[in-house]
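Engineer: Residue-level listing of the chains:
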Amino acid sequence: MLGVCYYPEHWPEEYWARDARRMHALGLSYVRIGEFAWGRIEKSEGVFDWAWMDRAIETLGAAGLKVVLGTPTATPPKWLCAKYPDILPVDIQTGQVRGFGSRRHYDFSSETYLRQAESITAAMAERYGQHPHVVGWQTDNELCCHDTTMSASPAALEKFRAYCAKRYGNIETLNAAWGNVFWSMEYDGFDQIDLPFFTVCETNPAHRLAYRRFASEQVVHFHDVMISAIRRHAGPEQWVTHNIIPPATTGIDNVALTQALDFVSYDNYPLGFSDQLMATASAEEWRPFMRTGHPDLAALNFDSVRGLSKGAWWVMEQQPGPVNWAPHNPRPAPGMVRHWTLQAFAHGAACVAYFRWRQVPFAQEQMHAGLLRPDDMPATAWAEVEQVAAEMQLLGDVSAVAPKASVAILIDPVSGWVDDIERQGAGYRYDAVLFQYYCVLRSLGVDVDFVSAGEARLDSYKLIIVPTLAVVDDAAFDTLRASEGLLLFGPRSGAKTAEFSISEGLPPGRLREFVPIKVTSVETLRPDCNGTITYKNEVHESGRWRETIEVGAVDVIATYEDDAPAAVRSGRSLYLATLTDDAFIKNLLVDLCAEAGVAITPLPPTLRLRRRGDLTFAFNLADSAVNAPAPNGAVFIIGGAEIEPFGVAVWR
Amino acid sequence: MLGVCYYPEHWPEEYWARDARRMHALGLSYVRIGEFAWGRIEKSEGVFDWAWMDRAIETLGAAGLKVVLGTPTATPPKWLCAKYPDILPVDIQTGQVRGFGSRRHYDFSSETYLRQAESITAAMAERYGQHPHVVGWQTDNELCCHDTTMSASPAALEKFRAYCAKRYGNIETLNAAWGNVFWSMEYDGFDQIDLPFFTVCETNPAHRLAYRRFASEQVVHFHDVMISAIRRHAGPEQWVTHNIIPPATTGIDNVALTQALDFVSYDNYPLGFSDQLMATASAEEWRPFMRTGHPDLAALNFDSVRGLSKGAWWVMEQQPGPVNWAPHNPRPAPGMVRHWTLQAFAHGAACVAYFRWRQVPFAQEQMHAGLLRPDDMPATAWAEVEQVAAEMQLLGDVSAVAPKASVAILIDPVSGWVDDIERQGAGYRYDAVLFQYYCVLRSLGVDVDFVSAGEARLDSYKLIIVPTLAVVDDAAFDTLRASEGLLLFGPRSGAKTAEFSISEGLPPGRLREFVPIKVTSVETLRPDCNGTITYKNEVHESGRWRETIEVGAVDVIATYEDDAPAAVRSGRSLYLATLTDDAFIKNLLVDLCAEAGVAITPLPPTLRLRRRGDLTFAFNLADSAVNAPAPNGAVFIIGGAEIEPFGVAVWR
Amino acid sequence: MLGVCYYPEHWPEEYWARDARRMHALGLSYVRIGEFAWGRIEKSEGVFDWAWMDRAIETLGAAGLKVVLGTPTATPPKWLCAKYPDILPVDIQTGQVRGFGSRRHYDFSSETYLRQAESITAAMAERYGQHPHVVGWQTDNELCCHDTTMSASPAALEKFRAYCAKRYGNIETLNAAWGNVFWSMEYDGFDQIDLPFFTVCETNPAHRLAYRRFASEQVVHFHDVMISAIRRHAGPEQWVTHNIIPPATTGIDNVALTQALDFVSYDNYPLGFSDQLMATASAEEWRPFMRTGHPDLAALNFDSVRGLSKGAWWVMEQQPGPVNWAPHNPRPAPGMVRHWTLQAFAHGAACVAYFRWRQVPFAQEQMHAGLLRPDDMPATAWAEVEQVAAEMQLLGDVSAVAPKASVAILIDPVSGWVDDIERQGAGYRYDAVLFQYYCVLRSLGVDVDFVSAGEARLDSYKLIIVPTLAVVDDAAFDTLRASEGLLLFGPRSGAKTAEFSISEGLPPGRLREFVPIKVTSVETLRPDCNGTITYKNEVHESGRWRETIEVGAVDVIATYEDDAPAAVRSGRSLYLATLTDDAFIKNLLVDLCAEAGVAITPLPPTLRLRRRGDLTFAFNLADSAVNAPAPNGAVFIIGGAEIEPFGVAVWR
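Those protein sequences? They're chains A, B and C, same order as listed.
Each residue of the first sequence is one higher than the one before, counting from 1 in this note's numbering.
Each residue of the second sequence is one higher than the one before, counting from 1 in this note's numbering.
Each residue of the third sequence is one higher than the one before, counting from 1 in this note's numbering.
Since the hints were made in silico from the structure, they are not lab data.
Just to be clear, a hint being listed does not mean it is correct.
[Stated by the list, open to error] Here are the simulated lysine-lysine pairs, BS3-like style, with alpha carbons at most 25 Å apart: (1) B:Lys78 / C:Lys166; (2) A:Lys404 / A:Lys462; (3) B:Lys586 / B:Lys536; (4) B:Lys166 / B:Lys83; (5) A:Lys83 / A:Lys310; (6) B:Lys166 / A:Lys78; (7) C:Lys586 / C:Lys536; (8) B:Lys404 / B:Lys586; (9) A:Lys166 / C:Lys586.
This structure is a prediction, so every number in the text was calculated from the model and none was measured.
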């Protein structure tokens, strides 16, 4: 299904009915409204104006559209900030209060704000929880965007102290857990604990990890209160979702954040995110993808979100043209809006909603394209949406959960926190390590699931890649033990205890049950100063992060320049002790896929495959046609044996 | 005429008479004193010491020099800051008070400071307003230097609220004008408005534009009060000027700032400004100009200042050797001080005053060269000033207004604010767009006037270039309509309303009267990832900022790589929808000059021409001799047919 | 002798005895403990727990180890910060209080902290000042690390005003000394003086120089109070030292800081410091040294520290493997821990102590290697320490002062401050200028002493290099006059008065007694835009900082591209007026060494020599063997005629 984001409050009321008719005629089924509209709903504390929203919903519903209601807690109005200035967050770099005038100016630890946000959410749910045109809810908007997870506010400090008291029970336990004997950092009581900011040099990593856990829990708690407020009043047929930004960018536990939702939504801006991701890429690297996005970036986020979602998932906001917020904002290549839409469905989406109906000529996002131009004429994307709306009919039912893939990548938020907190080498980034595996698998035409450590079951996967699992808790350990596929661990796995110490008996700690090795030393190198790793007589780069390992009963499958072991295997488990180049990863994964019985289809950089049910989707990111890698006898549902530039083919 | 900046308070009184005699003997006519001397004039509030200044003026005047008096408001003394700390400005990045200890530590919105500054200014004017040796006044010094236009002070907040109340009348009007319905940014009253700083993400561009207008008006108001204070006491023969820094760097409305002056002065530091401008240039690009300055940068500022000035204009401070404030501070090439001096006169200056008489051995500027070294011996520039003083006799009267050029570039401050506020593409800079046109015209040997949108009359120009005119107000519109020359609009012209919305009916809004097109989409690209624009079968770069246009009844004169229109013409008006390379601009301008009857003389990068009256000046920036591009029969006033390295030729 | 740093409080008490036995068995003689342990010694104000430390010392001593006690003032515990928040420093960039949670969170100007620090230091000294196992004391730890020399605290402001009142006597004197007439910066009283931070543009350099002197004196005063507190209670056989970081990085007067010590110690981290130093080097430049460190960086600091020390000096902390704090943290090449150890002895060390005994698995430094791994097994360095412990026997007595070298480099802190305060050219760095001379001399196989201006006697040196001596005070002047060797002054020598004015009669001021020249102008260039300097018909680069000089009765020995003098000589004194390339410096120094009778041995970049007494040490930094440059008949004490990769040879 398709949908669109709409802001009736931005337009004269006489536009509404025509807009609704055109939406429906275009083939859109859903329309999201309401998030950001707090100021128009609650004019001052407790004084509500529902009339306009009643009429808007009625008008949209009357045209045959299903309404998704966004709760407006991302934009507390000025009267609220003026009355309760303690709701404002505090910048962790500068110590400055982050004030009113844009959005997300609230502190997740503010009790005042929690109460106010719950109140407006409950009020909306009470009013529209039984409304026949309202099919579901979106909480807030893009939680944690604009670096809002962490705050240095008095409210955060108070709550963090309480969090510590609850987690550790008594201060001696905390001191021991964090190793506060180091540098005389021991506290006499929880009321002495500060936030880990504004110190002379780096704070205790255990302190920071505790704060990161706390900050994540604050967001989750806020969000859960909002979900509960909706569910108290909404009918059982109304679902609740949230539109998340790229999961790796928020610094929170996305599993916890989304567990109380009916499904998860994602805001998909391939060009803006790629411009940021590839900011330091050369012109040669960037030019082929500046109007398509990096070939694996949207897919990465699609697969990540599918992993979080209870069922099929949504794209709640789909880029329809140039956006306004990246350093450079190119126009999508012709056909890419359709391409991205079909790509989302290939990766398991149930609905793709475009952001936004009509480009608004004022305020912060006036340079952000819509389906309509500010002069109410169709923008470039319009015809592509028309096309894909028709094509949707051919795809069949997309509301069901997509089947599992054969290959899984295991992820967890703690590894990202560990990386942020203890970089050790400027060339190491958890996200980049993970992305490298993903890109290589995608270039081999392999479908990938992301599974969260400790949550998901791994039993159906033939190959499980653990790029890094810095902390192995009981749940993750049990999950890994219960798996049956080949297991590939990357460096830094099992490196730390839950309280950010080096693992007992050296890394990989309890992962030694899988691979009997000890990481005796780690070195980090400049990215341009590599050593080597040799695998099957081919020499590759070994760099950035390199571990020295002592091995027990393992097979050494790759070696460093000094013949020391660089990758080892024990039974179905492998441990790669270094970061390396794409070619090494590809060679290794080709071998592992062959062993595991995972079919591969090596692809050029501008061609990608994805299966959903019995359909195979092929995506051509090149500006020239390409032959679809379809088997003989394939029945084409969309497109044909030659895929046009930026085109898509789907066959059965 | 020539002059010099002098600080009698820096030197023992026994130096003064000898200094004065030497100035006069060197051929200097004017001497500027007094700016920065507040602490020596007013020792505590209301307690004045005029005696030393009386003697200084008397001594200088007695030697035949005309005195220009600077009012000292750029440096409020410590007693004033200590007594009235509310005069201090607040940094808009950090929120910190910017304290005493350097200069410009005052807030343009402080009523206290306005009163104090008016008081010292009036006191000086009262004392010297009839003095026979005092011929004129310089207000303050380099207003807005050191990023002082904007302040986050309580005074600025209070005045900004009042400004908004006055401009918009009621809060509903402001909310509507700014589009505050977006993100629930609506205010209930003017007392809720904040300064647009310290928010979570970007503030409303309309909010920021209002603040930029306000900040500019605060500076202008402060300045106007100072001018009035002088005029109340000064005799009618005493003129008032102000020494501005490069107009594009202050972020204010220079037309408004300078309108109450008798003429405008400029502080000319070609090497320091060029080192900053070309900071990222390669060594090959920079080396030829590191001791001459960029060939068109000083000229750009000369022509800009001439455009602002009521009559001929002054260089109030001319770099005489290495300065102290750029990242690198080379020595001028031999002859460049003379060269720059003659260049200023070629561009219409009436006087060039050197900064400063003698290098002072102490405090912040001790590494800044003067005409004399700290040991009182002539510095390198001395002989060049002697030479040019003699050559001045040959030039004739330079006090009159320079005649108009045939080509005008239209500028306005709002386009710069729009660029600052809504960058959209990291490769777009209003100043750079404007500078590209200017450099190409100068390389064609064409004289250029800068005219301010809405102020100047355009009727005598054969070719008018509008690099960008983001907001087209009535005055600018009428001026353009009343013009008769060829009109070339660059991209983003007519893009915004006065309140920073997208223009009605899409850009270029009311400029559609000139060129019937619609800008339906904008894309911004990385500077190294261009598309193309084809003009007369030559393919050029099209990049950074590219507009898609729908065209009415126009001629398409250049096209993008997909054959879509990239430049169009309707009657005498052209619209170029993209940024492009120098070669395209040159090809187009060569054609337009030919059509308009503007003579061109293509020049190498190290040779520049400029006419004043019946004189033609040629400036050789190369370290080798060059033939003067003079017509047969030219009569050389200065130099001859072969121009020496770094030399100048003037012919009639 | 060898030693190790140990933290009994980090480990279960049952480890202690075994640890002590293993230390002794490994060949270690000294063990440093106690610094950072404040929180375990003084649990709340005045409440001490000595028992554990008594037992630790007893256990270590019983195993035959000599204990060095560190006073714990680098880490005030939380109860102290909570009770006396005025002890915290304030960041000079942001104005924020730098809080508890890491280390060095105290203000050198806080009277409260001075009293508290003196109290804990005296208490320790009282308890252990006569202890038979305690042989000496280390004050605090790495004073001024983490940019803690300067603070913008109220305490610093109050003390700075008092400092100014004492130094200048009356405010008129200060105003005159600083040249405050410039920009109306004159004060009416000392209570008006601010710290030189948070202003609109740069403050008066004289103001900043005064603050730098003050800040240095605050550190020295604090340190002297601590030393006195120890000496009041400690027996005369117990010595006092301090472990300094690279002397050039603290911004203080290291001579003053260390004068009351018995000897000076240094913390040697060759890889971390080199990664920082060579951060912008190409991969080709960096790769050969990433596992050895820059060939001259550790040596530079060794020689600097030897210059400060009263007798032989110590390495108090020696890197034994990868560290945790540089941007990249490679593993040392095999043998480098032994190599660095012997290098320290070659440069005059009396003891090398490794940091640390066992890698601690928790808190900030858990990724910092030790001699033992966290699993208590020997780390890589262990075997190298075993080897070097045996080799120590062959070296003989290393407790005596190393003999003087023939070549001296004169250094002083004020030149560094002048450079920080008035950069003038982005390509000029005092430290880099000094380092260039040092590296060239080391590449010629020449031993170098660093002598501090005004302190040391120069009479025995054949060649004295003064890279820059910006301010020449009486003591330095007398020292130079009393010297007899060749004297080479670099640019900017004699440039400033003690109050940061240009020297009387132009630079080099009173150094004109040595070289009768006047620096009439200075230019600074981009590092990639050089001019030339010609010496003996060879053309070299002249760049970054170039002075124009007027010469008296001198020989011009090198010239600029315009034949102006670039280097001159008068008797035994030379003045080089420009920065230049290594080849020029090498050519000049080869000639000067020949004239002075200093033997040279030109070396490749990966080979270095150093003599101590009758021993010659050769250090091979290459990964291949090299022939030792030993004379015929050399008797090898360590190694032989072929030095193994990363190896060392010592001969007599």
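Engineer: Against this structure, judge whether each hint is valid.
Structural biologist: Here is how each hint holds up against the structure:
1. B:Lys78 / C:Lys166: 21 Å, holds
2. A:Lys404 / A:Lys462: 11 Å, holds
3. B:Lys586 / B:Lys536: 13 Å, holds
4. B:Lys166 / B:Lys83: 31 Å, violated
5. A:Lys83 / A:Lys310: 39 Å, violated
6. B:Lys166 / A:Lys78: This hinted pair holds, its Cα atoms lying about 21 Å apart.
7. C:Lys586 / C:Lys536: With a Cα-Cα distance of about 13 Å, the restraint between Lys586 (chain C) and Lys536 (chain C) holds, given a limit of 25 Å.
8. B:Lys404 / B:Lys586: 22 Å, holds
9. A:Lys166 / C:Lys586: Violated - the C-alpha atoms of Lys586 (chain C) and Lys166 (chain A) are around 67 Å apart, more than 25 Å.
Hint compliance for this structure: hints 4, 5 and 9 are broken, all remaining hints hold.
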